[in-house]
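Full structure from sequences and hints, please.
Each chain, written out:
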Amino acid sequence: KAGVTQTPRYLIKTRGQQVTLSCSPISGHRSVSWYQQTPGQGLQFLFEYFSETQRNKGNFPGRFSGRQFSNSRSEMNVSTLELGDSALYLCASSLWNGGADEQFFGPGTRLTVL
Amino acid sequence: LAKTTQPISMDSYEGQEVNITCSHNNIATNDYITWYQQFPSQGPRFIIQGYKTKVTNEVASLFIPADRKSSTLSLPRVSLSDTAVYYCLVGALSAGAGSYQLTFGKGTKLSVIP
Numbered sequence: 001k002a003g004v005t006q007t008p009r010y011l012i013k014t015r016g017q018q019v020t021l022s023c024s025p026i027s028g029h030r031s032v033s034w035y036q037q038t039p040g041q042g043l044q045f046l047f048e049y050f051s052e053t054q055r056n057k058g059n060f061p062g063r064f065s066g067r068q069f070s071n072s073r074s075e076m077n078v079s080t081l082e083l084g085d086s087a088l089y090l091c092a093s094s095l096w097n098g099g100a101d102e103q104f105f106g107p108g109t110r111l112t113v114l
Numbered sequence: 115l116a117k118t119t120q121p122i123s124m125d126s127y128e129g130q131e132v133n134i135t136c137s138h139n140n141i142a143t144n145d146y147i148t149w150y151q152q153f154p155s156q157g158p159r160f161i162i163q164g165y166k167t168k169v170t171n172e173v174a175s176l177f178i179p180a181d182r183k184s185s186t187l188s189l190p191r192v193s194l195s196d197t198a199v200y201y202c203l204v205g206a207l208s209a210g211a212g213s214y215q216l217t218f219g220k221g222t223k224l225s226v227i228p
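Residue numbers (the numbering used here), protein chains in the order written: chain A, 1 to 114; chain B, 115 to 228.
To be clear, the hints were calculated from the coordinates, so they are not data collected in a lab. Backbone N, C-alpha and C define an ideal beta-carbon position, used for all residues, glycine too. Each hint should be verified, as a subset may be incorrect.
Said to hold, decoys possible - As a list, the in silico DSSO-like pairs of lysine-lysine whose alpha-carbon atoms are at most 30 Å apart:
id, chain 1, residue 1, chain 2, residue 2
1, A, K57, B, K220
2, B, K223, A, K57
3, A, K57, B, K166
4, B, K183, B, K220
5, A, K57, B, K183
6, B, K223, B, K168
7, B, K183, B, K117
8, B, K220, B, K166
9, A, K13, B, K220
10, A, K57, B, K117
Said to hold, decoys possible - Some but not every residue of chain A turned toward chain B, in silico, with C-beta under 10 Å:
id, residue
11, S33
12, Q37
13, L43
14, Q44
15, N56
16, A92
17, N97
18, G99
19, Q103
20, G106
21, P107
22, R110
Unchecked claim - Anything over 12 Å on all C-beta distances counts as not near chain B; from chain A, calculated:
id, residue
23, G28
24, T80
25, L83
Take a look at the structure:
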């Protein structure tokens, strides 16, 4: 069974640009969650999608957005990048509910904003 | 929204039992408690999950007291390969339209010494 895949693995952008990250969940998983990981703040919940709908959102500004397609693949977008957006962005999939089910994490996308 | 607190770091010798405690004073009735392990440059990996009392699997045990305001991950006879960061996650089941928050602790860096 293939694991969660994320593309690209590394990305370098400059302030003001926008970026789109992609996540392919494990086959059959319908819930996809996104997290931002930084040394100072640790793992922070961005949002979760289920059946193409955003089911919950963490405390991030509107520059962070996402979507989920009918095949459960998900993308997240960050517009008007800031230096503080440099982080490891992790995607996790689960069968139904990331809180109550085991989440399977991808390797992450390392975003560097210059 | 449950806030979680864990020790920042712990050291242990090989072969010893390690107990890592996470505090989550305002855990909600529907919240599950899940522990993840993360190695450098990888996404977190599921270790164990519980709701109350004790849960044991092939790699760890999870102890949750009756008031559920804390939980303790127990790793028996650790080896060098257990050197990693351990996170506790407290999350609520979705209800109705599906709305929940997932809160990770800042993580405990476990160093196993030969």
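Do the hints match the structure? See the list:
1. A/K57 - B/K220: Given pair A/K57, B/K220 holds - Cα atoms ~19 Å apart, limit 30 Å.
2. B/K223 - A/K57: holds (28 Å)
3. A/K57 - B/K166: The given pair, whose Cα atoms are some 27 Å apart, holds under the 30 Å limit.
4. B/K183 - B/K220: holds (17 Å)
5. A/K57 - B/K183: holds (25 Å)
6. B/K223 - B/K168: Holds: B/K223 and B/K168 sit about 23 Å apart, inside 30 Å.
7. B/K183 - B/K117: Satisfied, since the Cα-Cα distance of roughly 10 Å is no more than 30 Å.
8. B/K220 - B/K166: holds (22 Å)
9. A/K13 - B/K220: Status holds; Cα separation ~27 Å.
10. A/K57 - B/K117: Satisfied, since the Cα-Cα distance of roughly 16 Å is no more than 30 Å.
11. S33: Holds: closest Cβ of chain B sits about 7 Å from A/S33, inside 10 Å.
12. Q37: holds (9 Å)
13. L43: Result: holds, 4 Å to nearest chain B Cβ.
14. Q44: Constraint on A/Q44 satisfied, holds at 7 Å.
15. N56: Since the shortest Cβ distance to chain B is 5 Å, the answer is holds.
16. A92: The hint holds - A/A92 has a Cβ within 10 Å of chain B, the shortest such distance being about 7 Å.
17. N97: holds (5 Å)
18. G99: holds (3 Å)
19. Q103: holds (7 Å)
20. G106: For A/G106, the interface hint holds, since the closest Cβ of chain B sits about 5 Å away, which is under 10 Å.
21. P107: With Cβ-Cβ at 6 Å, under 10 Å, it holds.
22. R110: Constraint on A/R110 satisfied, holds at 9 Å.
23. G28: At about 16 Å from chain B, A/G28 clears the 12 Å cut-off, so the statement holds.
24. T80: Given that every Cβ of chain B is farther than 12 Å from that of A/T80, nearest at about 26 Å, it holds.
25. L83: Given that every Cβ of chain B is farther than 12 Å from that of A/L83, nearest at about 22 Å, it holds.
Taken one by one, the earlier hints all hold for this structure without exception.
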